Amino acid sequence: MQLVLEKRAERSRTIALVSPLIAIGLTLVTMSVLFAVLGKNPITALGVYFIAPLTDGYSLQEIAVKATPLVMIAIGLSLCYLANAWNIGAEGQFLIGAVAGSWIAVKTQGTEAGHWVLPAMLVAGAAAGALYALIPALCRVKFGASEILTSLMLVYVADLLLDYLVRGPWRDPAGFNFPTTAEFDPVATVPVLIEGGRLHLGSIIALVVVAAAFVLLDRTIKGFEIRVVGVAPRAARFGGFNANQLILLTFAVSGALAGLAGIIEVAGPIGHLQPGISPGYGFTAIIVAFLGRLNPVGILIAGLFLALTFIGGEQAQITMKIPLDVTKVFQGILLFYVLACDSLILYRFKLVSAAPQVQRAAR
Amino acid sequence: MMKRLLGAAAALVLAGSVAGVAHAADKLKVGFIYLGPIGDLGWTYQHELGRQALVKELGDKIETTYLENVPEGPDSERAIEQLVRAGNKLIFTTSFGYMDPTLKVAKKYPNVHFEHSTGYKRDKNMSTYSGRWYQGRYIQGQIAAKMSKVGVLGYIGSFPIPEVVSGINATMLGAQSVNPNIKVKIIWVNTWFDPGKEADAAKALLDQGADIIMQHTDSPAAMQVAAERGKLAFGQDSEMIKFGPKAQLTSILDTWGPYYIARVKAELDGTWKSEDTWGGLDSKMFEMAPYTNMPDDVKKMAEETQAAITSGKLHPFKCPVIGQDGKEVECKGGDHLADGQILGMNFYVKGVDDKLPGK
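Going line by line, the protein sequences match chains A and B.
Each residue of the first sequence is one higher than the one before, counting from 1 in this note's numbering.
Each residue of the second sequence is one higher than the one before, counting from 1 in this note's numbering.
Everything labelled a hint here was simulated from the structure, so no lab data went into it.
Quick caveat, the model's predicted, so the values are computed rather than measured.
Just so you know, not all the hints are guaranteed correct.
In silico DMTMM-like cross-links for lysine to aspartate or glutamate, where the CA-CA straight-line distance does not exceed 20 Å [what the hints assert, rightly or not]: (1) B:K104 <-> A:E183; (2) B:K107 <-> A:D159; (3) B:K108 <-> A:D172; (4) A:K321 <-> B:E304; (5) B:K284 <-> B:D297; (6) A:K328 <-> B:E72; (7) B:K350 <-> B:D335; (8) B:K197 <-> A:D163; (9) B:K197 <-> A:D159; (10) B:K104 <-> A:D159; (11) B:K273 <-> B:E304; (12) B:K183 <-> B:D353; (13) B:K149 <-> B:D207; (14) A:K107 <-> A:D185; (15) B:K107 <-> A:D163; (16) B:K107 <-> B:D60; (17) B:K108 <-> A:D159; (18) A:K321 <-> B:D207; (19) A:K321 <-> B:D353; (20) B:K104 <-> A:D185; (21) B:K355 <-> A:D56.
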């Protein structure tokens, strides 16, 4: 007897629905064992991770703050990935958006500039992100260059540009030569929604983006085109859809969203431009996009869930003295199980009797 | 076999749930935010040693918590606030990039005390503390100039912020006091902790003809490269002699323990107040590792210089200080540069053959 993976005739809808639940269940079991081995009470530990952050307003706000850039970037990336265009450089587009928006904030600093500043910053951030994303898209369309490589390499260009600006021309004159701009003026700051907290307008914008993406994919011809080009390029060509045009479009949209997320992050929770504004949001968002199955609502849930593991992991470090590495192991195990369970959508386990070759020969 | 494993796992789960969590009552809670992993063997490791010294001294009166690997972006503000919300009353944030986040949280929680390392913004409930490491760099410069056969030093810079620039300048002034023609090659790696990059920089510097490696980054990677190539090097932040028993000349050891103990005692006594501490060799904020792998006369010179700096007889930035452009730097501190000039240093002294990034 032998256990083999066999390809299903078609995708299993049941498994597609329950596979994330199986994955989470397996993760919880594995983590319980790990916590027990560490000498921690698994029930308490899991409670600190998953339940405690959901029970007070402060942690809920922080989850939303953490998820905002992840969701916004991941929505854009999902459009690319659905259209079979591989934008890996959202991190760079995030940084460029932050730089472009900050340019307006820095130039208007200490002037009489009114309430047009923040909207202008947001537009500039989105526009810069879109233009920056169009570079790899154009290289792909015109020269056939791999957009995976070019978009990734442009991340480092953006990173170094930001670095140069805050160490040189935009450096806070009163900042002892440290690499940061001065704090943005109030008119250049994303407003906070609840006094004393960090929840900001950006989270609302992220929700609007999710809704817009849902409508686009589900209710418009463009959304249909994106999906057809991704799933069946030949059929799309017969249908008269222009794949190259869609690559440009999806790259521009995802770049714009990443750039918008960048300037919101800088003008919101951070309050000034400095190196290290992103702890790898552009890359984590790739995980969020796939965890959410490239579906807008799925991405929203995935983003919030990933944010929850960050916040919960921190609280576990504080209240239970669980090492940071365990949090990382935890996230790794979760992703592992999600991907493993996903293979059950297309495949199934089957028991076959040993030595099938012999049987066939005998017939 | 599988059954037995499962049984063992179940037993462990049970054992874990029985053990539960012990809660300490009425102890002062002290929190730490670390930039790197506690095992970085450099900057964060030294802060962790400081925390351990604190626990050893006052463990019956306090409870400490740390968060490691906290990035300097938007996450740090949340990490600090999480410590506050967990009941910590005194919080040490141990990297420059935590300055604004610490200040924001400090304004929000006026009854909690904060201590920020290596920054310059303070508040009623927020102190700053740092070390005058340039003093140690001056000594290292003298040793390097004596020990270098070719007269070229290799210097691995992290970020061109004043602390690092003043370190390069102090090294150069010390080295020039021994050999006026000394040269220094600088590679900026733009990171505090990246063993791969640090090792590459060390190799590149040695390939360019330097025969002594100095670093302002946190891992022992450069020391290992120097040891492999049979060259000499200085450690950074912590004792790195075990990575280069035949290579390490000395190392600047950050010893935060005494400061942490003093501040926590003040908090316990109710005498804590916001201060700006910039401790030199005399304050034991840092120490020099034993002078090794050098002849006795060089060791003697180093010890004499150390004594002179400790007693205040010698100031590494004694005037006149000549800038890279050949012009004398304005002397605002009497017979030496003022603290403000060193804290905000953004120029090279004469003889540094490099352009300051971003200038």
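Here's how the hints hold up against the structure:
no.: 1; hint: B:K104 <-> A:E183; result: 12 Å, holds
no.: 2; hint: B:K107 <-> A:D159; result: 31 Å, violated
no.: 3; hint: B:K108 <-> A:D172; result: 24 Å, violated
no.: 4; hint: A:K321 <-> B:E304; result: 45 Å, violated
no.: 5; hint: B:K284 <-> B:D297; result: 25 Å, violated
no.: 6; hint: A:K328 <-> B:E72; result: 18 Å, holds
no.: 7; hint: B:K350 <-> B:D335; result: 19 Å, holds
no.: 8; hint: B:K197 <-> A:D163; result: 18 Å, holds
no.: 9; hint: B:K197 <-> A:D159; result: 17 Å, holds
no.: 10; hint: B:K104 <-> A:D159; result: 26 Å, violated
no.: 11; hint: B:K273 <-> B:E304; result: 36 Å, violated
no.: 12; hint: B:K183 <-> B:D353; result: 7 Å, holds
no.: 13; hint: B:K149 <-> B:D207; result: 15 Å, holds
no.: 14; hint: A:K107 <-> A:D185; result: 11 Å, holds
no.: 15; hint: B:K107 <-> A:D163; result: 28 Å, violated
no.: 16; hint: B:K107 <-> B:D60; result: 30 Å, violated
no.: 17; hint: B:K108 <-> A:D159; result: 32 Å, violated
no.: 18; hint: A:K321 <-> B:D207; result: 45 Å, violated
no.: 19; hint: A:K321 <-> B:D353; result: 48 Å, violated
no.: 20; hint: B:K104 <-> A:D185; result: 15 Å, holds
no.: 21; hint: B:K355 <-> A:D56; result: 52 Å, violated
Checked against the numbered hints listed earlier, the structure breaks hints 2, 3, 4, 5, 10, 11, 15, 16, 17, 18, 19, 21; every other hint is satisfied.
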